[in-house]
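Undergrad: Under my numbering, think of the first position of the sequence shown as 35, with each following residue one higher.
Hint data in this document are derived by calculation from the structure and do not stem from the laboratory. The reader is advised that the hints may include incorrect statements.
Distance ranges between label pairs, derived from CB positions [to be verified]:
1. Asp184 x Arg85: 34 to 42 Å
2. Ile211 x Phe139: 32 to 40 Å
3. Ser102 x Asp184: 29 to 37 Å
4. Ala97 x Ser183: 27 to 35 Å
5. Glu144 x Ile197: 18 to 26 Å
6. Lys63 x Glu204: 34 to 42 Å
7. Gly190 x Arg90: 34 to 42 Å
8. Val149 x His62: 21 to 29 Å
9. Asp44 x Asp191: 21 to 29 Å
The beta-carbon is built from N, C-alpha and C at its ideal position, and this holds for glycine as well.
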Amino acid sequence: RPRQHVLDFDVAEVACSWQITSCYYLTHKGDIYYSGTDDNSGDNIDEPGERPRILRTLAMERALSKSSRITKVCCGSHFTLALTSDGRVYSWGDGSQGCLGHGSFSDEKEPRQCVALFEKNPITQISTGSSHSVFLSTDNNVYTCGEGSDGRLGLGDTDSRSIPTKVDLEIGAILSISC
């Protein structure tokens with residue numbers, strides 16, 4: 035049943051996942067808090083009186099970086115993506131479909147940077163389907179990874195990919211991506 039959370043921080047964005055019953059709160063400072071069943075540990079923190087918890091890994095990253103903060107968070111069925119202001123992407127959760135973009139089909143309990151993406155070009159937008167991810171880079175290229183059934187990755191086949199792969203598009207500027 036729905037529960038009300040009294041938050042002592044300003045929320046810029048909320049992302050929810052129906053499969054892992056989690057809710058992620060992105061603050062204006064660039065921190066991410068979570069409530070519900072955390073896909074990192076399986077802890078259910080949605081008990082009365084419990085407050086959303088901060089994702090310490092990303093909070094420490096923000097504190098060390100000082101020039102970058104999280105600007106976007108989105109959830110797939112069993113995984114989560116976060117985008118930083120300097121174009122880096124972090125992912126965690128169920129990686130069995132390759133949707134995390136780390137080059138494997140393994141789960142990640144903690145947020146981990148998608149290094150293969152940042153080496154190409156900084157990312158400006160992220161989006162998630164149930165078991166795939168889409169990324170838009172500063173040079174107007176779209177990259178996808180994850181479950182490829184029904185051609186959902188846009189790569190001309192139904193193969194799953196664990197590394198973000200460029201989608202060949204012959205169109206003008208891409209303003210927005212969405213799954």
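Undergrad: Each hint should be assessed against the structure and marked as holding or not.
TA: So, going through the hints one by one against the coordinates:
1. Asp184 x Arg85: 34 to 42 Å: holds, 40 Å
2. Ile211 x Phe139: 32 to 40 Å: For Ile211 and Phe139 the Cβ distance comes to about 23 Å; the hint is violated.
3. Ser102 x Asp184: 29 to 37 Å: Cβ of Ser102 to Cβ of Asp184: about 36 Å, so the range 29 to 37 Å holds.
4. Ala97 x Ser183: 27 to 35 Å: violated, 40 Å
5. Glu144 x Ile197: 18 to 26 Å: holds, 20 Å
6. Lys63 x Glu204: 34 to 42 Å: Given about 40 Å between the Cβ atoms, the range holds.
7. Gly190 x Arg90: 34 to 42 Å: Check passed, 41 Å falls within 34 to 42 Å.
8. Val149 x His62: 21 to 29 Å: The hint (21 to 29 Å, Cβ to Cβ) holds, given that Val149 and His62 are roughly 27 Å apart.
9. Asp44 x Asp191: 21 to 29 Å: violated, 44 Å
Violated hints, listed in ascending order, are 2, 4, 9; each of the other numbered hints is respected by the structure.
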